[in-house]
Structure formats: structure tokens, C-alpha cells
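A.B. asks: Taking the hints as your guide, dock the two standalone chains into a single complex.
Residue numbers (this note's numbering), protein chains in the order written: chain A, 3 to 115; chain B, 31 to 142.
Note that these hints are calculated values from the structure, not bench results. Bear in mind the structure is a predicted one, so any value in this text is a computation, not a measurement. Hints are not guaranteed to be accurate.
No more than 20 Å apart at the CA atoms, straight line, and that leaves these computed lysine to aspartate or glutamate pairs for EDC-like [to be verified]:
#, chain 1, residue 1, chain 2, residue 2
1, A, Lys22, A, Asp67
2, B, Lys134, A, Glu61
3, A, Lys22, A, Glu65
4, A, Lys43, B, Glu84
5, B, Lys134, B, Asp101
6, A, Lys66, A, Glu54
7, B, Lys134, B, Asp68
8, B, Lys134, B, Glu71
9, A, Lys43, A, Asp90
10, A, Lys66, A, Glu89
11, A, Lys66, A, Asp29
12, B, Lys81, A, Asp67
13, A, Lys22, B, Glu71
14, A, Lys66, A, Glu24
15, A, Lys22, A, Glu89
16, A, Lys43, B, Asp113
17, B, Lys81, B, Asp113
18, A, Lys43, B, Asp48
Residue strings, one per chain:
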Amino acid sequence: GAVVSQHPSWVICKSGTSVKIECRSLDFQATTMFWYRQFPKQSLMLMATSNEGSKATYEQGVEKDKFLINHASLTLSTLTVTSAHPEDSSFYICSLQEFYGYTFGSGTRLTVV
Amino acid sequence: GQQLNQSPQSMFIQEGEDVSMNCTSSSIFNTWLWYKQDPGEGPVLLIALYKAGELTSNGRLTAQFGITRKDSFLNISASIPSDVGIYFCAGRYNSGNTPLVFGKGTRLSVIA
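Excised from the complex, chain B in its bound form (with noise of 0.2 Å):
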């Protein structure tokens, strides 16, 4: 299946650093996500981002839905020992019942 271009892959920081993320495709999408997911688990919904340009904030968390439709960035500031995580972008085409596509996701991890 198709993939969102994800990256950076991996991070390692020091606690308190912030962190930047992103995701571009080939194809526009009408809706963004980003998924947090810890080990043996289901992802988690961080933010949705419904329209181009649209910046959204959750606690220490921002994400961009970019102008062009292509593309998506998560921001997270001050970083915790529980930011640890796998981070995924996922984008959908259509409106309606239509599956997510995810990025490869970003293994984050916080060095205190």
C-alpha cells in the first residue's frame, strides 16, 4: 500500500529540547493526523488537522496542515521522559469511509 514520506526516522534528545517532525506525500489529502504509539499498543489520536494551513495546538504539541496540501509537520516543545514513543503521521484522500495511509514513523527518544 502507499506510504506518507515520514521523517526524521529517529531522534534522540535531551529532555526539555523541543522537536520537530514531518510528513510529505506525492498526492494531496484533505485530512492530516498524528498518532502517537507506545510499545503493544494501538496508536493514539494527537491531533487532526481538517483544512490547508490550518495550525492546531494540544498542550505541548503543534501540528501544520501545509498550504499545499502535501504536507504536515508536529511540532513538540519542551520534551518529557513520557514523550518516548513511535510518532505517526497518517493522511486520508477522501471524504467518507476511507482507511488512513501512515508515514513510517519517528522512534523518539528522551534522554533526562
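So that you can see chain A by itself, here it is in the shape it has in the complex (with noise of 0.2 Å):
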């Protein structure tokens, strides 16, 4: 299946600032990606859909303007969390959709200060 990286691993910010977190697709050109948030024992909620070259398609009640997805190339889509709150804190999870199924990424736990 196709290889899926994703950084940083971790992310410790203050309120306030921003945070960029990016997908990368290895060795597969992926015109879609998708990214997803975890709170702790929780299951995965899928936030948005990244689609290259065009605006992505954001879930109900997550802000887009919160959650900026860049999808430029058909081996990268970054999320960044702007202006980033304590509630923001998470773990964020890309995935990418391939031939044999679904591959996620490693994951990027935030945790804002």
C-alpha cells in the first residue's frame, strides 16, 4: 500500500499562534486526502476532505477558517490551525485513499498552551 508521512509528530504552541501540519504521499499521487481529529478515547471524526488543486469540502461545524487545508500538489495537503486554543488540542490524522484501501498517516498530536 501506499506510504503516508506526516509531521511534525508532536506540536506543543501557545494560544494564539498558529500550527502547520503536513501529509505527505510517498509514492502515490493522491487527488484526494482526507484529515480527521481524535480526542483522547475517542474515535476518529473526519473534518474535512483536501482536493488538489481546488477548496476542500469542510464536515458541519468545523470552522474553515480555523482549519486551513492546502492540497497543492498530489503529494502534499497541510492543515493549519490558526490561532490555535487549548480546546484545539488533539490528535490529527491524513489519510489518503489508494488501490488497496485507506492509508493514514502517523498522526500529530497537538497540544496548545
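C.D. replies: Here's what the structure looks like:
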């Protein structure tokens, strides 16, 4: 299956700052990537669908101006958490769909202090 | 967002025992997937199911796609300590580039 590289693995930032998370497809050209958020002891909840060369599609309740998604190439999608607050602290995971199914990145643990 | 009904939420079993967990949905799915997630990591695919009635094995793991297309189960035989983790079912309604819907997970603990 495809290999997905997600960086950083963890990040601590101050409240009010912005954080960028990268999701790279190392061996597959992904026109679509998905971003999920997972709170402790909970399931993965879809935040948005990232489309290469066009605007992302956000799930209901997800603020598009707060969670900026850019999918400028077939191998890179980025999620920027703008003006982060403690309630944005979570585990963020990207995913792509390829022939064998869905592959996930290793996740980014964001802690906002 | 929507979620699948996954049970049980957690299980404590003795090493060597068999484990069974299942997922149900009110909607028909055309794909069922089972993932395992270790702490601080992304989910890793265990088994993918694409046809109603399909029964697929991966080592000690066996999963089935329900005939009604609204349910799936995962069995783990002869559990070992490294089976510890959270198991998620996931489904997809449509074909094409559509996201997965996840169950709430089953937290498995294996007592040696």
C-alpha cells in the first residue's frame, strides 16, 4: 500500500499561534486526502476532505477559517490550525485512498498551552 | 459526523482466548474495513471487505462482511499480548474518493 508521512509527530504551541501539519504521500499521487481529529479515548472524526487544486470540503461544525487546508500538489496536503486555543488540542490524522484501501499517517499530537 | 455502532467498547481477556467484536450500521455500506490503532499512532489496516458475505482472514484475524451490508465482525483467535490496542471498524457508503466512517472502537486488553 501507499506510504503516508505526517509531520510533525507532536507539537506544543502557545495559545493564539498557528500550527501547520504536513501530510505527504511518498509513493502515490493522491488527488484526495482526508483529515481526521481524534480526542482522547474517542474515535476518529472526519474534519475535511482535501482536494488537489481546489477548495477543501469541510464537515458540518468544522470552521474552515480556523482549519486551513491546502492541497497544492498530488503528494502534499497541509492542515494549518490558526489562532490555536487549548480546545484545539487533539490528535490530527491524515489519510488517503489508494487501490488497496485507505492508508493513514502516523498522526500529529497538538497541545496548545 | 456519522458513526458506526461498535461493540464491545472494551474487553479484558486472558492470553490464548478468542475475541469477537462487531459493528452495525443503519445504512448500507459497500466497503467494511478493520483497523488497529496503537497509542500515539495512526490506524493500521487489518482487513478490508468489499462484498456482502465475504469472509477474509489475515493470520489469526478473521472478518466478515454481513449479508445485509449493514454489519461486520472481527474475530481474533488465540490472542497474544501484542494484540493489545484499539480496534476500529470503518465503512464507506459510496465508491470513489469518499471518506470512511468510523466506529467508536473496541479497547482490547490481554492479560498474560
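A.B. asks: Decide, hint by hint, whether the structure agrees.
C.D. replies: Hint check results:
1. Lys22(A) to Asp67(A): 14 Å, holds
2. Lys134(B) to Glu61(A): The given pair, whose Cα atoms are some 18 Å apart, holds under the 20 Å limit.
3. Lys22(A) to Glu65(A): Status holds; Cα separation ~16 Å.
4. Lys43(A) to Glu84(B): 30 Å, violated
5. Lys134(B) to Asp101(B): 14 Å, holds
6. Lys66(A) to Glu54(A): Status holds; Cα separation ~16 Å.
7. Lys134(B) to Asp68(B): This hinted pair holds, its Cα atoms lying about 15 Å apart.
8. Lys134(B) to Glu71(B): 16 Å, holds
9. Lys43(A) to Asp90(A): 16 Å, holds
10. Lys66(A) to Glu89(A): Measuring from Cα to Cα gives roughly 16 Å; hence the hint holds.
11. Lys66(A) to Asp29(A): 29 Å, violated
12. Lys81(B) to Asp67(A): At roughly 39 Å apart (the allowed maximum being 20 Å), aspartate 67(A) and lysine 81(B) break the hint.
13. Lys22(A) to Glu71(B): 19 Å, holds
14. Lys66(A) to Glu24(A): Measuring from Cα to Cα gives roughly 17 Å; hence the hint holds.
15. Lys22(A) to Glu89(A): 17 Å, holds
16. Lys43(A) to Asp113(B): Holds, at about 18 Å.
17. Lys81(B) to Asp113(B): 26 Å, violated
18. Lys43(A) to Asp48(B): 24 Å, violated
In this structure, the hints that do not hold are numbers 4, 11, 12, 17 and 18, in rising order.
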